[in-house]
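Colleague: Here are the chains, one letter per residue:
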Amino acid sequence: MKILVCISNVPDTTSKINFTDGDTKFDTNGVQFVINPNDEFGLTRAMWFKEKQGATVHIATVGEASVEPTMRKALAIGADEAIRVNAAPTDGFFVAEQLANIIKDGAYDLVVAGRESIDYNGGMVPGILATLLGMNFVNSCISLEVEGATATAIREIDGGKETVQTSLPLVIGGQKGLVQESDLKIPNMRGIMMARKKTLNVVEPIDATVATKDAKFDKPVAKGAVKLVNSADELVDLLHNEAKVI
Amino acid sequence: MSVLVYTESENGKFKKSAFEVASYAKAVADQLGSSVTAISFNTENNDELGAYGVSKVLNVTDDKLATFNALAYANSIEQAAKSESTQVIIVSSSTNSKFLAPILAAKLKAGYVPNVVAAPESTSPFTVKRTAFSNKGFAHTEITTETKIIGVSNNAFGVKENQTTAAVETFNAELNDTDFAVKSIEIDKVAGQVSIADADIVVSGGRGLKGPENWGMIEHLAEVLGAATACSKPVSDMGWRPHGEHVGQTGKPVASNLYIAIGISGAIQHLAGVSASKTKVVINSDPEAPFFKAADYGIVGDAFEVVPKLIEKLKEFKAQNA
Ligand SMILES: Cc1cc2nc3c(=O)[nH]c(=O)nc-3n(C[C@H](O)[C@H](O)[C@H](O)COP(=O)(O)OP(=O)(O)OC[C@H]3O[C@@H](n4cnc5c(N)ncnc54)[C@H](O)[C@@H]3O)c2cc1C
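Residue numbers (the working numbering), protein chains in the order written: chain W, 67 to 312; chain V, 32 to 353.
I should point out that these hints are in silico values taken from the structure, not numbers from a laboratory. A portion of the hints provided could be inaccurate.
[Stated by the list, open to error] For lysine to aspartate or glutamate, the following EDC-like pairs were computed, each having C-alpha atoms within a straight-line distance of at most 16 Å:
id, chain 1, residue 1, chain 2, residue 2
1, V, 344, W, 280
2, V, 349, W, 299
3, V, 138, V, 93
4, W, 279, V, 173
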């Protein structure tokens with residue numbers, strides 16, 4: 067089985083968010099970038115397929131040279147090869163078209179993406195990708211097994227979960243649950259050394275659709291101070307008469 | 032040229048979010064000087080949508096679509112969009128809508144913006160406000176394609192009545208076997224339980240509850256309030272509660288009207304996913320817990336003392352206001 071894991075390079079989850087250039091750009095100053103958490107679960111599941119079923123695992127990222135440290139980390143975790151599409155990821159449509167272009171010639175059986183990246187929270191790349199490629203697609207995956215050409219996945223639904231079955235080639239949008247948190251791999255010295263020698267191919271972007279454009283950003287208005295109350299009575303009264311939520 | 036809205040349902044009945052997205056669609060249609068057409072699947076009382084400004088309903092009745100199937104539903108909506116010459120499609124932010132919307136976007140070459148929190152700021156250029164950076168920011172996003180798909184954040188716009196009469200038509204899209212290549216084998220869902228996505232009120236517990244054996248009072252409080260139950264990430268990681276209840280940046284997003292956090296410290300990753308809730312109440316024994324900075328109301332105290340009292344008071348309140 068040949069697997070491609072799509073890796074998004076995102077601000078670390080504790081990052082403070084700021085904007086520059088008249089609030090038109092995300093301020094990367096002092097921000098640490100990491101593998102998107104949803105992708106990390108997928109990458110770890112792919113490593114399981116590599117170890118248990120002899121799969122080959124490639125990773126791909128659409129991004130400028132600054133994303134390479136994140137890609138090296140994915141290689142240190144154990145991916146075999148990496149592909150970087152040399153372009154700033156402008157929107158979900160653009161990213162999906164770039165990835166589709168490298169996947170269509172790569173003969174991948176399984177494409178693993180995250181349900182959404184935690185920066186722009188678009189959640190569109192896996193679905194657009196699957197549709198452009200005519201591959202089967204399961205989103206919000208919390209479990210994935212592959213036997214021959216048959217995949218069984220569990221996906222989260224509102225209020226529960228659904229088990230689905232389909233065939234390869236398949237694209238999934240994955241998330242926490244694909245593997246246990248405790249199974250997430252921290253790259254060790256040997257992995258890091260080996261990652262340096264692995265191939266990181268750089269391909270130039272194709273002309274692609276840009277469907278949306280973030281014109282401006284802002285932040286939520288600062289909240290007023292919390293109202294501390296001493297009794298349940300008082301709380302019920304405030305929730306009813308002031309907040310009007312009960 | 033109408034605005035098309037996908038109205039979700041369960042067991043033949045519309046979900047509350049269906050009325051919210053219909054209300055949103057009506058606001059967009061008013062801005063564009065057009066009307067609202069809804070597409071619904073196997074629903075019984077389609078006239079209901081008229082109350083929220085929908086003037087035409089395309090009702091799909093097909094046993095094969097009894098359970099949600101992303102590709103088959105997306106194909107049906109695509110065909111409806113084409114037959115109506117729609118340029119704007121509105122969907123909700125449910126897990127299912129977030130599954131089908133990108134498929135639909137790819138088919139229609141439409142720009143899709145999820146997590147939208149307000150009616151369009153302008154229709155030329157077409158600009159909407161959405162949350163980004165896990166609720167730590169907002170983006171004002173222009174959709175540059177001719178066809179546009181908007182995913183409305185739950186509870187952000189609200190349900191607004193706009194009485195009109197809905198003309199109901201039967202609509203059946205052409206579907207083939209490949210549309211059903213992903214087959215549903217089993218759905219595991221507790222009947223009658225409020226889900227986090229649909230809930231007006233969410234009661235959430237953290238590590239401060241010490242163990243799964245103490246969840247009875249969380250469930251009891253939720254029951255009194257008609258709320259959904261949720262938890263912080265370590266709680267589901269330790270197996271105290273099911274994974275589907277974990278809320279936050281890497282879990283389910285919560286955009287309820289009332290969020291009650293009990294024994295949850297308020298780490299940045301937790302807040303990121305729940306801060307879209309309108310009113311936040313925190314019960315924590317540590318006055319320095321970061322969650323107090325993000326909350327509207329707080330009680331500094333031991334959950335094991337405060338929660339039973341709160342349940343009692345709420346029961347009294349309900350009895351008086353019944
Ligand atoms: C990449 C990444 C992603 C993450 N994503 C998420 C996410 O999506 N959601 C999430 O929740 N977390 C997430 N986390 C974890 C997050 O950082 C915190 O560890 C977590 O939210 C803490 O959970 P908690 O508040 O239940 O536990 P704790 O931090 O242990 O807090 C327990 C709280 O309970 C209080 N308490 C103790 N006893 C009592 C009592 N008797 N009565 C009242 N209060 C009491 C304590 O004062 C304390 O404030 C993520 C972390 C990382 C690194």
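Colleague: Take the C-alpha atoms of residue 344 of chain V and residue 280 of chain W, compute the straight-line distance between them, and say whether it is at most 16 Å.
Modeller: The given pair, whose Cα atoms are some 47 Å apart, is violated under the 16 Å limit.
Colleague: Under the criterion that the straight-line Cα-Cα distance not exceed 16 Å, is the pair residue 349 of chain V, residue 299 of chain W satisfied?
Modeller: With a Cα-Cα distance of about 13 Å, the restraint between residue 349 of chain V and residue 299 of chain W holds, given a limit of 16 Å.
Colleague: Measure nothing beyond the straight line between the CA atoms of residue 138 of chain V and residue 93 of chain V; if it is 16 Å or shorter, mark the hint as holding.
Modeller: Status violated; Cα separation ~22 Å.
Colleague: Tell me if the straight-line CA distance from residue 279 of chain W to residue 173 of chain V falls inside 16 Å.
Modeller: Measuring from Cα to Cα gives roughly 5 Å; hence the hint holds.
In terms of the numbered hints stated before, the structure departs from hints 1, 3, listed from lowest to highest.
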